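Protein chains in written order, with the working numbering: chain A, 2 to 112; chain B, 92 to 940.
Calculated from the structure, these hints are not laboratory results. Keep in mind that this is a model prediction, so the values were computed, not measured. Treat the hints with care, since some could be wrong.
Stated by the list, open to error - BS3-like cross-link-like pairs, simulated, lysine-lysine; straight-line CA separation at most 27 Å:
#, chain 1, residue 1, chain 2, residue 2
1, A, Lys7, B, Lys243
2, B, Lys112, A, Lys60
3, A, Lys33, B, Lys718
4, A, Lys51, B, Lys244
5, B, Lys112, A, Lys20
As the list claims (entries may be wrong) - Here are some chain A residues the structure puts well away from chain B; computed CB gaps all over 12 Å:
#, residue
6, Leu17
7, Asp21
8, Val26
9, Ile35
10, Gly37
11, Lys38
12, Thr39
13, Asp50
14, Glu68
15, Thr85
16, Glu92
17, Trp98
18, Thr99
19, Asp100
What the hints assert, rightly or not - Derived, one-sided and incomplete: chain B residues facing chain A with beta-carbon distance under 7 Å:
#, residue
20, Gln111
21, Leu115
22, Leu117
23, Gly119
24, Glu124
25, Ala126
26, Ile129
Ideal Cβ placement from N, Cα and C applies to all residues, glycine included.
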Amino acid sequence: MKELTKAEEMVLLSVLRLKDEAYGVAIKKNIKEITGKTVPYGTLYFLLDKLSVKDFVHKALGEPTAERGGRRKTYYRMTEGGITALKHAFEQQSRIWTDFASMDLHQGFGK
Amino acid sequence: MKALQLPIAAQWMLSRLAQQKNRLALLGDLQEEYAVDIAHRDWLARQQWLFSQIVFPLISFLRTHYLWRRGMFSNYLKTAWRNLKRSPGYTAINIIGLAVGMAACMFIFIWVQDELSFDRFHTKHERIHRIVIHRGGEWTASAPYSLARTVKKDFPDIAQATRFTSRTLFAKTGDRGFNETAGLVDPDFLTMFSFKLIKGDAETALATEDAIVITQSAALKYFGDADPMGQVLRINGQRDATITGVIQDTPKNSSMQFDLLANFKIVGKQMDFSWWTGCSSYVLLAQNTTVSDIISKIEGTVVKYDKRVETNDSRESLQPLARMHLYHLNETGPILYVYIFSAIAAIILLIACINFINLSTAQAGKRAREIGMRKTVGASRAGIVRQLYGETLLLSLIAFLFSLVMVALLLPGFGQMTGKTLTLMDTGQWQVVLGILCIALITGLISGSYPALLLSRYRPIQVLRDSASKGAKSPALRRILVVFQFTAAIALIISSMVILRQLNYVQHKDLGFIRENIIRIDIPRALRPNLQTAKERLNQDASIINVTSANTTPNQIRNVNPFYWEGRGPNDYETLNFTTVDENYFQTFGLKFTEGRPFSAEFASDSDRESPGYIINEAAVAHCDLKDPIGKMFSIWNREGRVVGVVKDFHSRSLHDEIRPVVFLNTENWPHYWMFIRYQPEMQDEAVAHIQAVWQEMVPDLPCDMEYLDEIHRSAYANDARIGNIFRNFTYLAIFISCLGLLGLAAYLAELRTKEIGIRKALGASSLSIARLMSGEFLMLLGVSNLLAWPLAWWAMRRMLSSWAYRLPLAWWLFAAAGLGAVILALLTVSWQSLKAAHTNPVEALKYE
Chain A
2 MKELTKAEEM VLLSVLRLKD EAYGVAIKKN IKEITGKTVP YGTLYFLLDK LSVKDFVHKA
62 LGEPTAERGG RRKTYYRMTE GGITALKHAF EQQSRIWTDF ASMDLHQGFG K
Chain B
92 MKALQLPIAA QWMLSRLAQQ KNRLALLGDL QEEYAVDIAH RDWLARQQWL FSQIVFPLIS
152 FLRTHYLWRR GMFSNYLKTA WRNLKRSPGY TAINIIGLAV GMAACMFIFI WVQDELSFDR
212 FHTKHERIHR IVIHRGGEWT ASAPYSLART VKKDFPDIAQ ATRFTSRTLF AKTGDRGFNE
272 TAGLVDPDFL TMFSFKLIKG DAETALATED AIVITQSAAL KYFGDADPMG QVLRINGQRD
332 ATITGVIQDT PKNSSMQFDL LANFKIVGKQ MDFSWWTGCS SYVLLAQNTT VSDIISKIEG
392 TVVKYDKRVE TNDSRESLQP LARMHLYHLN ETGPILYVYI FSAIAAIILL IACINFINLS
452 TAQAGKRARE IGMRKTVGAS RAGIVRQLYG ETLLLSLIAF LFSLVMVALL LPGFGQMTGK
512 TLTLMDTGQW QVVLGILCIA LITGLISGSY PALLLSRYRP IQVLRDSASK GAKSPALRRI
572 LVVFQFTAAI ALIISSMVIL RQLNYVQHKD LGFIRENIIR IDIPRALRPN LQTAKERLNQ
632 DASIINVTSA NTTPNQIRNV NPFYWEGRGP NDYETLNFTT VDENYFQTFG LKFTEGRPFS
692 AEFASDSDRE SPGYIINEAA VAHCDLKDPI GKMFSIWNRE GRVVGVVKDF HSRSLHDEIR
752 PVVFLNTENW PHYWMFIRYQ PEMQDEAVAH IQAVWQEMVP DLPCDMEYLD EIHRSAYAND
812 ARIGNIFRNF TYLAIFISCL GLLGLAAYLA ELRTKEIGIR KALGASSLSI ARLMSGEFLM
872 LLGVSNLLAW PLAWWAMRRM LSSWAYRLPL AWWLFAAAGL GAVILALLTV SWQSLKAAHT
932 NPVEALKYE
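Model the full structure from these sequences, guided by the hints.
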């Protein structure tokens, strides 16, 4: 099973969240809304490229619009593999974090 | 509302930065973000957004790119250094060969530049022309004394005009008196030409008759630190001249050289059209005039004003100031040497480049694997081409630095050789610097082309699999290069031998008159009335054999006058060279008579003004078609007289020219300018002392300027001798560089065949047969080079020698000697390597690698 990096997780979750409207600008805005981070397009496309190489998303071309200067949108859609990967990641993360709340956060410090 | 577009420049920049794959999507996203979120904000915010979208990626792009580049670059440098270090011999030969070649090229370039710069420092040089006149079958720059004044008056297109003639004047102030070269000029001179006036006013400095302008160094000589302005110099002991200006010393690249400038009128009365001797006229054309237009206007001026018969075939033309130095009036001159030396520079540089190419290709085998490895790990062909070009450029730049050092160190010596004072700063105009830099770059590029283009083409798999050296694989090309190189070297050897032989011949040729032990003295005007007494007084010493005076020196008879002779009438005249002489002339110079007798005081008719006696040379007899010439009528200026003698031909001009018809007269219509004193060979000191004593007695105010006739003869060919010298030295250089290349190549080939030689020796080959094996190929190549060089040199030297009317034939043995010399030299070069290879222990050889 191919692992996801943190950044890939973030992008993939955005694509999932945006459903049919997942393309560059929208993904960037979504990430900004949720995490407060601005992801440069260069980074964004780099990550999307990696995701499509791993077959977690696939590309589809939309209609050209005026705002884009007559260029088409490139939509990203989830694949089965993407969904599985996210599920897997979530389970793993949950397991890792499961007893975090009950841990002693002050051991060895401040003495 | 129409959506706002990204600025065009930003779109272009972004599309350059974006990856090909996602370019459209990326640009679309940026455009959308800009149109929706950014466009409605204020100007500053828009710029900020654009800035962050463009500049940040740009910076990171450059940084990554540069890091990689720098990495590769330092790797290239390291590789280059390792390669140079691995074979220090080749490296040294490569660099020295190139450096010497470039230094030679630079020297010639500096020389050529200096030659070409003559008279171009005058800001108006393009509009200044010298009037030249076609007369008596040849062009002359001597013009009637009043021509300059007349054309300026008659033609408004001629803005300014001046005469220029160079005279030796004796200038004296207090107890300091020196002979000075004076330029006699008209008032326009200072404003026409760009000789820089330091003190005084160019407009008026030479306006009056007794005004004089002196150079800085002359001023220093006479007055030291005192202000020379307004001081008085006594000229020729006859008249006083007031200094009205101080001028900069004449630049070395000026055709006009003088210590002081004086108004033309200082030497005497206003002279008219009948006065010609040795005075040239310069005109400044008005703006927006064409030369051909002016020539057609001034043509015929002399004929119009001078009604005498002998000038009615004269025709005027203009010669641009800047051509004066390079072109004699017959359209050859130093420009020939400029071409010849440029060609030599090109040949030497080519030889050096060929060496470089040869050695680099020879080394190619060692590099092939490196290139293969680089290609395997992803180097592009362009990258490899760049690397190899870079290496040769680097090497050529190192050689360039070496050559610069060489030039800087050897320039004074070169200056001595060429008779010029050259400094890098002096000729350091931007053209020279640029030219030299271009030479370095072109050398690097040419030298690098072959290895770069050839090596980068190899397929890596082939290179890495084959253990054989690739360098050995292009013998045909290498042979052609060696042949070319030696063809050039042999042709140069032959040429320099021919030229030096010709120069030696010229300097020692019997001119038909005695030139040893003869002193020449310029007769000052003050002495002319007492010339006869002076000659008698001079003759009264045991050390003196003969004293004579004449209008010209025997090897410089160039004056022309109209003559007719038996069978022709006054209107059917022809211009011939002539000179006036006294009775002792022929005896003093040892001139032989084929018929008749020399002039003699016993025959009063010889010097009769209206019906003089004539002596002509053999060439004149043939030219005038006189059979039995003695007693035949001959006439100058309608003064009919009889031929009394025929003198054997002698060289009345330079050896570049044929012997022309010459007429001698014993009348006083033409003043004697020169006195010649022949003395006993062993008694030179006594003779000089005696002459000085007589001089003190006759003209105590004036210095006695003695010259030796054989030195005058030698110095007439000094320039030719210098050229020959330069030629010889550059031939040495070419040979040196060729041999250096051969040495490198021979060493390489020996190395390549180390194993073969080891096996041959192990099987019983003798050292001699090995040496023969190694040298055989070079011998064959040299043979071919000889066959090519001979006709080439023959053709070039035929043309070169055609400028001499009297020349030695091209001897076959010169060609054979040059060829043999080259073969021997090459064999010596190669045999060192061959013997080394032949003498190695086969065990060593077979263990090799």
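Do the hints match the structure? See the list:
For the given pair, lysine 7 of chain A sits about 96 Å from lysine 243 of chain B by alpha-carbon distance, which is inconsistent with the 27 Å threshold. Of the supplied pair hints, the one linking lysine 112 of chain B and lysine 60 of chain A holds, its CA atoms being roughly 13 Å apart against a limit of 27 Å. In summary, the hint linking lysine 33 of chain A to lysine 718 of chain B is not supported, as the alpha carbons are separated by about 122 Å, beyond the 27 Å threshold. Note on lysine 51 of chain A and lysine 244 of chain B: the hinted pairing is violated, with a Cα-Cα distance of about 93 Å set against a maximum of 27 Å.
Only pairs whose Cα atoms come within 27 Å are accepted, and lysine 112 of chain B paired with lysine 20 of chain A is accepted, the gap being roughly 24 Å. At roughly 19 Å from the closest C-beta of chain B, the C-beta of leucine 17 of chain A stays outside 12 Å, upholding its exclusion from the interface. The Cβ of aspartate 21 of chain A lies farther than 12 Å from every Cβ of chain B, with a closest approach of about 17 Å, so its non-interface assignment holds. Under the 12 Å C-beta cut-off, the non-interface status given to valine 26 of chain A relative to chain B is violated; the minimum distance is some 5 Å.
In this structure isoleucine 35 of chain A is separated from chain B by more than 12 Å, as the shortest Cβ-Cβ distance comes to about 18 Å. Listed as outside the interface, glycine 37 of chain A is consistent with that label: its C-beta sits roughly 17 Å from the nearest C-beta of chain B, beyond the 12 Å cut-off. Distance check on lysine 38 of chain A: its Cβ is at least 15 Å (rounded) from any Cβ of chain B, clearing the 12 Å threshold; non-interface status holds. Separation of threonine 39 of chain A from chain B is inadequate, the least Cβ-Cβ distance of about 10 Å not exceeding the 12 Å criterion.
The claim that aspartate 50 of chain A lies off the interface is violated: its Cβ sits roughly 7 Å from the closest Cβ of chain B, which falls inside the 12 Å cut-off. Residue-level check failed: glutamate 68 of chain A sits 4 Å from the nearest beta carbon of chain B, not beyond 12 Å. Every beta carbon of chain B lies more than 12 Å from that of threonine 85 of chain A, the smallest distance being close to 26 Å; the non-interface claim holds. Glutamate 92 of chain A, annotated as away from the interface, keeps every beta carbon of chain B farther than 12 Å; the closest lies near 32 Å.
With a least CB separation of 34 Å from chain B, tryptophan 98 of chain A remains clear of the 12 Å interface cut-off, as annotated. Distance check on threonine 99 of chain A: its Cβ is at least 39 Å (rounded) from any Cβ of chain B, clearing the 12 Å threshold; non-interface status holds. Against the 12 Å criterion, aspartate 100 of chain A stays outside the reach of chain B, whose nearest CB is about 41 Å from its own CB. Interface restraint check: glutamine 111 of chain B against chain A, minimum CB-CB distance 12 Å, threshold 7 Å, status violated.
About 5 Å separates the beta-carbon of leucine 115 of chain B from the nearest beta-carbon of chain A, less than 7 Å, and the hint is met. Look at leucine 117 of chain B: its Cβ gets to within about 6 Å of chain A, closer than 7 Å, so that hint holds up. Among the interface hints, the one on glycine 119 of chain B holds; its C-beta lies about 3 Å from the nearest C-beta in chain A, closer than the 7 Å criterion. A least Cβ separation of about 5 Å between glutamate 124 of chain B and chain A falls short of the 7 Å threshold, and the interface hint therefore holds.
The criterion of a C-beta within 7 Å of any C-beta in chain A is met by alanine 126 of chain B, whose closest approach is roughly 4 Å, and the hint holds. The interface hint given for isoleucine 129 of chain B is broken, as the beta carbon of that residue sits about 11 Å from the closest beta carbon of chain A, more than 7 Å.
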